[in-house]
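Visitor: Residue-level listing of the chains:
Protein chains: 2
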Amino acid sequence: MDNNRLGILRHSTAHLMAAAVLKLFPEAKFGIGPAIENGFYYDFELNKNLTPQDLLKIEKQMKKIASQNLKYEKKEMDLTEATELFKKLNQPYKLELLEDIKKYGTTEIEKIAPTEPQKVSGSQKNSKFQRSQENKVTIYQLGNFVDLCRGPHLDSTKEIKAFKLQKIAGAYWRGDEKNKMLQRIYGLAFKTEKELSDHLKFLEEAEKSDHRELGKSLDLFSISDQLGSGLVLWHPKGAIIRRIIEDFWKDEHKKRGYQLVYSPHIGKLALWKKSGHWDFYRENLYAPIKIDEEEYLLKPMNCPFHILIYQSQLRSYRDLPIRYAELGTVYRYERSGVLHGLTRVRGFTQDDAHLFCTSQQVEAEAIGVLKLAIFMMKTFGFRDYQVALSTRPEKSIGSSEMWDKATQALKGALEKTKVKYEIDKGEGVFYGPKIDIKTLDALGRAWQGPTIQVDFNFPERFDVNYIDEQGKKIRPVMIHRTVLGAMERFIGVLIEHYKGVFPVWLTPVQIYLAPVGKDHWKAVDKLAKEFETLGLRVWADESRETIGYKIRKAENQKIPYILVIGDKEMKSKKLNVRLRGGKVKPMTQKEFIEMVLREIQDKKIR
Amino acid sequence: MDNNRLGILRHSTAHLMAAAVLKLFPEAKFGIGPAIENGFYYDFELNKNLTPQDLLKIEKQMKKIASQNLKYEKKEMDLTEATELFKKLNQPYKLELLEDIKKYGTTEIEKIAPTEPQKVSGSQKNSKFQRSQENKVTIYQLGNFVDLCRGPHLDSTKEIKAFKLQKIAGAYWRGDEKNKMLQRIYGLAFKTEKELSDHLKFLEEAEKSDHRELGKSLDLFSISDQLGSGLVLWHPKGAIIRRIIEDFWKDEHKKRGYQLVYSPHIGKLALWKKSGHWDFYRENLYAPIKIDEEEYLLKPMNCPFHILIYQSQLRSYRDLPIRYAELGTVYRYERSGVLHGLTRVRGFTQDDAHLFCTSQQVEAEAIGVLKLAIFMMKTFGFRDYQVALSTRPEKSIGSSEMWDKATQALKGALEKTKVKYEIDKGEGVFYGPKIDIKTLDALGRAWQGPTIQVDFNFPERFDVNYIDEQGKKIRPVMIHRTVLGAMERFIGVLIEHYKGVFPVWLTPVQIYLAPVGKDHWKAVDKLAKEFETLGLRVWADESRETIGYKIRKAENQKIPYILVIGDKEMKSKKLNVRLRGGKVKPMTQKEFIEMVLREIQDKKIR
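Protein chains in written order, with my numbering: chain F, 4 to 609; chain G, 4 to 609.
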């Protein structure tokens with residue numbers, strides 16, 4: 004079933020749900036009911052607040068109607084006739100839509116699009132009513148339910164076999180909080196029962212991997228209402244993961260000829276006026292702070308600061324490329340509605356770098372970044388990714404020659420590194436072409452990952468130069484790039500990707516030592532000290548809980564190795580190593596240590 | 004000569020200078036002229052702007068007068084008589100001072116204290132005019148120069164043997180910028196020529212070690228007017244030093260049972276109202292930023308954020324002590340006049356930690372911090388330090404019992420660690436007693452170093468608890484502490500302490516490789532790769548400069564090891580290793596590597 008056909012199925016299922024609602028709640032007033040990704044929704048005004056119990060009833064009713072193989076009957080009528088019909092049916096929202104069609108020839112569905120963060124599929128366009136010729140509109144009838152709808156729909160309910168109602172939410176009529184709050188029911192619809200159950204399984208897995216829940220249960224981080232939305236407090240265990248990643252990141256950058264720098268979190272507003280951000284991205288910037296009669300801004304990006312470091316000396320072509328890297332924490336405004344755990348925040352640490360190079364060096368630099376990006380993704384266990392090269396958009400600066408040269412350089416880099424890519428025509432930034440990489444996680448979801456952006460704008464605006472072999476001042480090309488994106492989002496994605504079951508090199512606690520009784524504390528302390536001397540992260544749990552409880556606790560904390568130490572183990576020459584999954588393996592201490600150290604050394608994925 | 008006597012000498016030298024100025028510039032109007040640390044100054048109004056040439060003339064004139072063994076003649080006269088005298092002398096500033104004495108019985112010298120950041124010695128009090136009995140004031144005359152002055156002074160100029168005029172500066176009359184700008188001449192005065200020349204040598208050394216100059220010539224950092232005053236950009240070489248210190252700091256904290264955390268740079272203003280900072284330290288806080296109708300503050304300290312992490316779970320007595328450590332970058336307002344390189348800035352990274360413990364654990368925790376602080380100071384090459392225990396101030400919170408207990412705990416910690424200390428009575432913070440450590444650098448200057456502050460206030464204000472053995476809610480004690488202070492100031496002091504000649508483990512470039520000609524590039528590249536594989540920081544300089552020039556360049560960059568690679572070295576089995584100071588030592592590559600690695604491993608001071 005192609006996407007369009009699936010969209011029709013979902014839209015028809017929305018009508019089916021509306022028909023069931025009308026049957027159970029004859030007073031229902033209907034808003035709109037489009038198809039969305041994986042399903043549909045419909046908005047209603049009812050005399051009562053729906054409960055999960057009601058959803059079951061509605062679902063049952065839907066099945067009953069579906070089994071009757073009811074027809075979706077299409078009628079064309081003129082606007083006056085339709086208005087009469089919906090007046091008779093007492094449907095004020097449909098009447099309002101008819102008024103709009105009279106006035107504008109459309110119901111401006113764009114303005115009443117869902118406010119939920121769910122992606123709306125292309126088939127939503129089906130619910131865009133448009134005046135057909137001669138002031139005619141289309142009406143679809145399913146049993147007693149009559150809807151103003153452009154269609155198309157299925158012929159009958161026979162094809163509707165796999166659906167499930169998901170949840171109830173409030174939604175303002177037309178997305179405007181000045182309007183009445185309606186009740187929205189979300190549902191899933193697929194062609195087959197198999198597809199539906201696969202999707203339900205996916206949702207269940209996604210829920211289990213939700214980094215906000217895991218962040219809490221594994222004590223990795225918190226976002227406190229007292230502190231402020233979108234601002235992350237990294238707890239000790241989360242900070243361990245973050246530090247390991249940061250150290251690894253720094254070392255890899257050092258190896259590849261990057262130079263680390265540090266810059267502050269505020270700077271004069273004049274810098275952001277010069278850069279163009281104040282004009283172009285004002286809605287994402289915080290209000291300036293006045294210091295000694297000058298305005299300062301919480302930095303939304305690190306670029307101007309790196310330019311100032313570049314400009315602190317005269318640079319020659321011999322110095323290029325210069326690669327400044329910084330784990331720079333930036334602050335950008337996001338509406339509170341879109342904030343989401345670690346993956347959408349207001350303060351985040353970019354793994355940022357700016358490369359200053361000659362235009363001849365762009366390809367080689369892009370190759371270096373691509374290799375580093377792919378190396379990073381592989382090391383962190385992401386096997387799949389999607390790569391896109393975005394080319395010149397309509398509104399842009401710089402000559403065609405510059406664009407062609409830079410675009411060719413990025414293309415060359417992709418081809419020489421044998422990376423498969425698609426071209427996103429016209430999707431480049433106004434200041435240059437770019438490569439975006441999306442990483443696919445264990446559940447197949449795509450996340451914004453590395454990005455490489457060529458920039459003609461900054462060097463121009465900030466008058467950045469180098470001296471060429473002839474002693475002439477030349478503009479370098481600037482490349483903005485991140486390979487992880489931001490520490491917050493990256494670790495959020497890692498948590499979901501691994502469902503909290505981190506590779507041994509990243510996991511906050513590597514070894515859990517559980518003494519059976521107080522008699523075994525000494526032996527456990529000795530072991531702990533030995534492991535810690537080797538740099539291993541150990542939790543020697545001398546609480547008075549039972550061994551069974553302790554093991555469950557350690558398993559819930561997803562600790563890779565659990566060692567119970569009792570009389571038996573103290574007598575034996577072997578440790579009983581409980582691996583993830585519960586298998587117990589007897590090993591000598593030496594064998595165990597070698598195994599753990601090797602896993603860390605190799606950064607073994609699982 | 005005791006301090007008081009030296010103060011009198013310096014004050015008398017100020018009068019001597021005034022007499023010389025009067026001789027050369029008969030129109031001079033005199034402001035005030037106190038003794039200060041190491042010397043004196045005097046403020047004048049003149050018809051011309053003084054030049055360095057004038058200073059020499061004045062100095063010459065001073066010597067001439069001094070050699071005449073002129074007497075300092077003291078006269079007592081009543082206010083009316085004195086007013087008549089200074090009217091006749093046409094000295095408006097002295098008349099203004101006389102007016103004040105008439106009105107207030109004092110000239111309120113405190114309000115006209117020097118605005119320069121120089122410390123004013125106790126002898127300044129000598130220049131505090133006070134009405135003696137029966138409206139009498141004292142006048143001192145030296146040759147033609149007559150001054151309103153309480154004295155005391157030397158008997159004659161005979162004793163004045165060692166002085167030097169230093170510099171000219173502008174100074175508003177009475178330090179008020181609404182008043183006229185006068186010209187101030189600073190001078191040094193000592194008892195003997197030897198003491199003067201020692202001090203001049205000290206000043207020369209201090210100038211050579213100025214971290215602002217070294218920061219520039221070694222390309223470590225910059226402070227850009229475009230970015231904003233007091234905000235530091237760390238260049239690659241400075242960032243290398245900073246990263247080494249940060250990593251070392253983190254590892255040492257980990258070893259000692261601290262847990263690293265990360266927190267953002269803004270937070271809701273409500274937190275700072277709760278903490279008391281908004282009321283008590285408003286002048287050091289930046290203006291709040293409004294986000295979604297709530298006010299946020301650029302964080303001036305990390306404490307409330309660590310409290311939020313502590314409070315993210317219920318804590319039991321079994322969990323204590325909890326030690327959260329963070330390299331937390333904070334922002335505090337400082338007047339632009341007091342900003343100074345890295346040592347006085349507006350944005351700085353505290354090496355912060357907060358310990359939450361029971362009141363019984365305070366001593367043990369303080370011992371741990373003291374040991375860590377002393378270990379850190381020694382590792383970084385500071386052999387001397389001054390320790391002070393500050394006790395309960397007049398304005399303070401908490402019961403006497405709490406204060407006694409905490410003060411005893413800090414005392415106990417100092418005594419058990421055998422650290423010599425003084426007691427600064429009443430100098431504690433309002434919320435608890437504290438230990439302050441000042442490190443003495445190579446020139447004997449004292450710098451604010453580690454600090455340990457016990458705090459009864461925060462736990463109370465934020466309702467911080469733990470559950471004790473009986474299941475009761477108890478307030479933990481909170482200890483604020485830093486061991487380096489701030490990365491910026493600490494590295495600034497390090498630069499001055501070492502005059503940029505860093506120990507090998509800290510220095511940005513450890514080995515400089517200088518090929519004699521192009522024929523030696525390959526050999527140099529090979530060596531560089533070998534050294535880099537071992538983690539050494541190498542600069543293979545393949546520029547076309549002469550060997551002599553290269554060596555000077557590397558020496559100016561204070562690189563510990565310079566290796567010239569030419570035909571001779573390529574044939575020989577030995578490297579000619581040029582050490583700091585210029586001594587050349589032939590060594591095999593193996594010997595050289597072993598030496599360097601050992602120095603790094605041992606963190607050898609020089």
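These are computed hints drawn from the structure, not numbers from a lab. Backbone N, C-alpha and C fix where the C-beta goes; we use that ideal spot for every residue, glycine too. Do not take every clue at face value.
[To be verified] The list that follows gives simulated cross-link-like pairs (lysine-lysine, PhoX-like), each with its CA atoms no further than 20 angstroms apart:
{"hint": "1", "chain 1": "F", "residue 1": "K441", "chain 2": "F", "residue 2": "K428"}
{"hint": "2", "chain 1": "F", "residue 1": "K204", "chain 2": "F", "residue 2": "K170"}
{"hint": "3", "chain 1": "G", "residue 1": "K502", "chain 2": "F", "residue 2": "K529"}
{"hint": "4", "chain 1": "G", "residue 1": "K556", "chain 2": "G", "residue 2": "K240"}
{"hint": "5", "chain 1": "G", "residue 1": "K258", "chain 2": "F", "residue 2": "K532"}
{"hint": "6", "chain 1": "F", "residue 1": "K219", "chain 2": "F", "residue 2": "K556"}
{"hint": "7", "chain 1": "F", "residue 1": "K293", "chain 2": "F", "residue 2": "K381"}
{"hint": "8", "chain 1": "G", "residue 1": "K532", "chain 2": "F", "residue 2": "K258"}
{"hint": "9", "chain 1": "G", "residue 1": "K293", "chain 2": "F", "residue 2": "K257"}
{"hint": "10", "chain 1": "F", "residue 1": "K253", "chain 2": "G", "residue 2": "K219"}
{"hint": "11", "chain 1": "F", "residue 1": "K428", "chain 2": "F", "residue 2": "K502"}
{"hint": "12", "chain 1": "G", "residue 1": "K219", "chain 2": "G", "residue 2": "K532"}
{"hint": "13", "chain 1": "F", "residue 1": "K532", "chain 2": "G", "residue 2": "K556"}
{"hint": "14", "chain 1": "G", "residue 1": "K240", "chain 2": "F", "residue 2": "K257"}
{"hint": "15", "chain 1": "F", "residue 1": "K293", "chain 2": "G", "residue 2": "K293"}
[Stated by the list, open to error] Coverage of chain F stretches by chain G, computed from C-beta distances (three or more under 8 angstroms per stretch; other residues unrestricted):
{"hint": "16", "segment": "92–102"}
{"hint": "17", "segment": "168–178"}
{"hint": "18", "segment": "231–239"}
{"hint": "19", "segment": "252–266"}
{"hint": "20", "segment": "476–489"}
{"hint": "21", "segment": "596–605"}
Visitor: Taking each numbered hint in turn, which are not upheld by the structure, reported in ascending numerical order?
Guide: Going through the list in order, the structure violates hints 3, 7, 9, 10, 11, 12, 13, 16, 17, 20 and 21 and respects the others.
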